[in-house]
Amino acid sequence: MNFFQRAIRYVKRKSAKSFLLAITFFVIGNLVILGLGVSQAADNAKILTRKKMRAVVSYEVDYEAWWDYADNIEDSEEREAAYRNGPVVQKEKALEIAKDERVLAFNYMVNDAVYGIDLEFVPLGNDAEKELTDSENTSVRQSFMVYANLQPEMLEMAEGTFTILEGSWYTQQDIDGARPVCCITKELADQNALHVGDTITITSVNQNNKQDYENAGYNIEDLNLELEVIGIYDTKENVDPNSENFKWMSSFESPKNRIMMPLTTYVEHKIAAGEMELTVHPSWYDPNYTIDDIRKGAETPNKVIYLLDDPLNVDKFVEDHSGSLGDFLRLNANNETFKKMARPLDSMSFFANIVVWIVVINAIIIISLVTALTLKTREYEIGVLLSMGVSKPIIVVQLFVELVLLAFLGFGLASVSGSIMAGNVGNLVLEYQTSSEAKYEDNDNDSYFFASSDSYFTEVSQDDMLSEYHVSVSPLLILEIFILGTGVVLIAIVIPSFMIMRLNPKQILLEQN
Amino acid sequence: MGTILKLEDICYGYTDGSYKREILKKLSYEFQEGTFYTILGPSGSGKTTLLSIMAGLDKQESGKIYYMGEDIDKMTLYKYRRNKIGVVFQSYNLISYLTGLENVLLSMTETDNKLPGNHKELAYALLNMVGIANTKADRLVTHLSGGEQQRIAIARAIACNVDLIFADEPTGNLDTATEQEIIKLFQMLSERFGKTIIAVTHSNEVSKFSDHRVLLKNGILNDL
Chain A
862 MNFFQRAIRY VKRKSAKSFL LAITFFVIGN LVILGLGVSQ AADNAKILTR
912 KKMRAVVSYE VDYEAWWDYA DNIEDSEERE AAYRNGPVVQ KEKALEIAKD
962 ERVLAFNYMV NDAVYGIDLE FVPLGNDAEK ELTDSENTSV RQSFMVYANL
1012 QPEMLEMAEG TFTILEGSWY TQQDIDGARP VCCITKELAD QNALHVGDTI
1062 TITSVNQNNK QDYENAGYNI EDLNLELEVI GIYDTKENVD PNSENFKWMS
1112 SFESPKNRIM MPLTTYVEHK IAAGEMELTV HPSWYDPNYT IDDIRKGAET
1162 PNKVIYLLDD PLNVDKFVED HSGSLGDFLR LNANNETFKK MARPLDSMSF
1212 FANIVVWIVV INAIIIISLV TALTLKTREY EIGVLLSMGV SKPIIVVQLF
1262 VELVLLAFLG FGLASVSGSI MAGNVGNLVL EYQTSSEAKY EDNDNDSYFF
1312 ASSDSYFTEV SQDDMLSEYH VSVSPLLILE IFILGTGVVL IAIVIPSFMI
1362 MRLNPKQILL EQN
Chain B
54 MGTILKLEDI CYGYTDGSYK REILKKLSYE FQEGTFYTIL GPSGSGKTTL
104 LSIMAGLDKQ ESGKIYYMGE DIDKMTLYKY RRNKIGVVFQ SYNLISYLTG
154 LENVLLSMTE TDNKLPGNHK ELAYALLNMV GIANTKADRL VTHLSGGEQQ
204 RIAIARAIAC NVDLIFADEP TGNLDTATEQ EIIKLFQMLS ERFGKTIIAV
254 THSNEVSKFS DHRVLLKNGI LNDL
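Protein sequence lines correspond, in order, to chains A and B. In terms of my numbering, the first sequence has 1095 at position 234, counting the first letter as 1, and numbering is strictly consecutive. In terms of my numbering, the second sequence has 227 at position 174, counting the first letter as 1, and numbering is strictly consecutive.
None of these hints come from the bench; they were simulated from the model. Source: prediction; values computed, not measured. Some hints could be false.
Claimed, not checked - Below, a list of computed lysine to any residue pairs in the SDA-like style, where the Cα atoms sit at most 20 Å apart:
#, chain 1, residue 1, chain 2, residue 2
1, A, K1367, B, R74
2, B, K112, A, R1363
3, B, K59, B, F84
4, B, K112, A, Q1368
As the list claims (entries may be wrong) - Take a look, some chain B residues computed to stay more than 12 Å from chain A by CB distance:
#, residue
5, F84
6, D126
7, R135
8, L147
9, E155
10, S198
11, M241
12, E258
Glycine included, every Cβ here is placed at the ideal spot set by N, Cα and C.
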């Protein structure tokens, strides 16, 4: 009869003691499941919400920090200089970050509203358009938005927002060679009966100043940019006619009036237009303003957007690259808002983890004491076993097996009741948390965030996150609890083990005799 | 017949504050195989201490103990207890949450000298031999009388297939009739199975039936 068989017989035949210990483990198990279940559900809800959000990180200027700094410069000249030379995203750094293997695609892209020459925009049909059509000549309005990018692998292509219908997208060679090519939406092509191979003409020069240019001896039409349509694409993006902004939205804000082109081509056009503009309207510009400033302004985007392979990689990605960005530049993963939304879940998770630790520590103390006290009544049995040549470590193992059997019994029962309890308690605490958070949010007014027109962050609400909160006791959690239980028993057995190791069979048996 | 256990210059004492009381004083003796010994002596003479040392439950301060010529310290006391000897105590010392059969099985499986064959059947046979029927063997030992428990203790002592059995006041808790039966059992083990029995006792009745009577007095053993 080995130690395992002895342990089973002890547990079976000393039923009262076993029952009490099993009850102890049952109570401990319920509390641990409650804590771990609630904590895990909170973590899962956060992960699921994170997964719902796009894995997007923006490399951008931290304007809040910059204004804080610049506004506090005491010397006025120095302050003015600081305002003129504000921080901008660094092209080299942006391209270096893009080399990270987690980056699926990135947008190094500038956008600018432009005029179309003999090019009809796709109408939105809103109030703003009706008013303008009645009062102004549509040819002198900026009706299109140019999006000029540095490389062809855009987020929109990677995510399937854009699908090329005719022709092809421009290549890296087109970009590097500053070729006058573009891709337009299917709607814009239909509006103007355009096909691949046709050309469109746009300009960034204000058409209302035509006379000024002629007075200075220039022909404004020389600045027109003729682009060959090499691709016609379909976009899933659309404007919401029910949105608040729709009524007064300009036509260039419509995704259908978007013209995609190489950044290099656009920058050349902007430099040519800028040179002429500086000559025609010198008083409009700072005397120190140069053509380099024009180039810098034209080729530097407000932000560079990276699409990552997994939303769960976002935090690590930001952490990995944030150290070397330079002053007033940051990688924004929209974490602040996410963290604010997750606050009730974080609080729950925090307190649940504290409960688990308290229970585990108490469990170790209680089981240690109970085992040590029980051991006193089992000295005689231990003395007999020792007199028969059973080694002390084997006696400790027998004791351990007895406790593990009872722990498994208690935890097994607790895994059923604990999951029900964890679900109910978790929901109750969450309800309380969110109601108290809501009071706070009323003042804070930041529980919801929106994707602006150039924002790539996904719109997610706190309700979305909380709807993902479900307490369930998964097999993995049960396994975790059993491992934890075994660990508790293992630690709890340490003190009784020392007691056993000190036992002397002669003394025990003589005392009995 | 050869020597099964040899004691050589065994010393042992108790320290009580600054006073040291010597119990065993360079005690030497040789026990022969297949013999039933009883060790007699006045109270406090150190009989139980000597038995504990011989049974490997305690360690002598100096001197050597040889089992079949082998120093028991070298084979380690655990192994010595497990494989070379059996012990029968005055208060039986059975494990209370096991049945009589399981107590015997425990001893049978714990040793490295396992008896060949079906252990359960062998255990029943041993118990039957000491006068315990199968129905009683299957009861928890706490549900048996003192005599029955002592019989089981004897069965357990021989179940580990050893040639040397120590008994500490084996009839101390028993009535006269049962005492006689236990003595007969020891005689049978010695005569029929060639086991060496070394029993510590106060009882002249027990010693009367042994092959060899030894007196422990003034820390040494003398044949009577």
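Structure-based check of all given hints:
| no. | hint | in the structure |
| --- | --- | --- |
| 1 | A/K1367 / B/R74 | holds, 19 Å |
| 2 | B/K112 / A/R1363 | holds, 15 Å |
| 3 | B/K59 / B/F84 | holds, 6 Å |
| 4 | B/K112 / A/Q1368 | holds, 12 Å |
| 5 | F84 | holds, 19 Å |
| 6 | D126 | holds, 15 Å |
| 7 | R135 | violated, 3 Å |
| 8 | L147 | violated, 7 Å |
| 9 | E155 | violated, 6 Å |
| 10 | S198 | holds, 18 Å |
| 11 | M241 | holds, 23 Å |
| 12 | E258 | holds, 19 Å |
Of the numbered hints listed earlier, those contradicted by the structure are 7, 8, 9.
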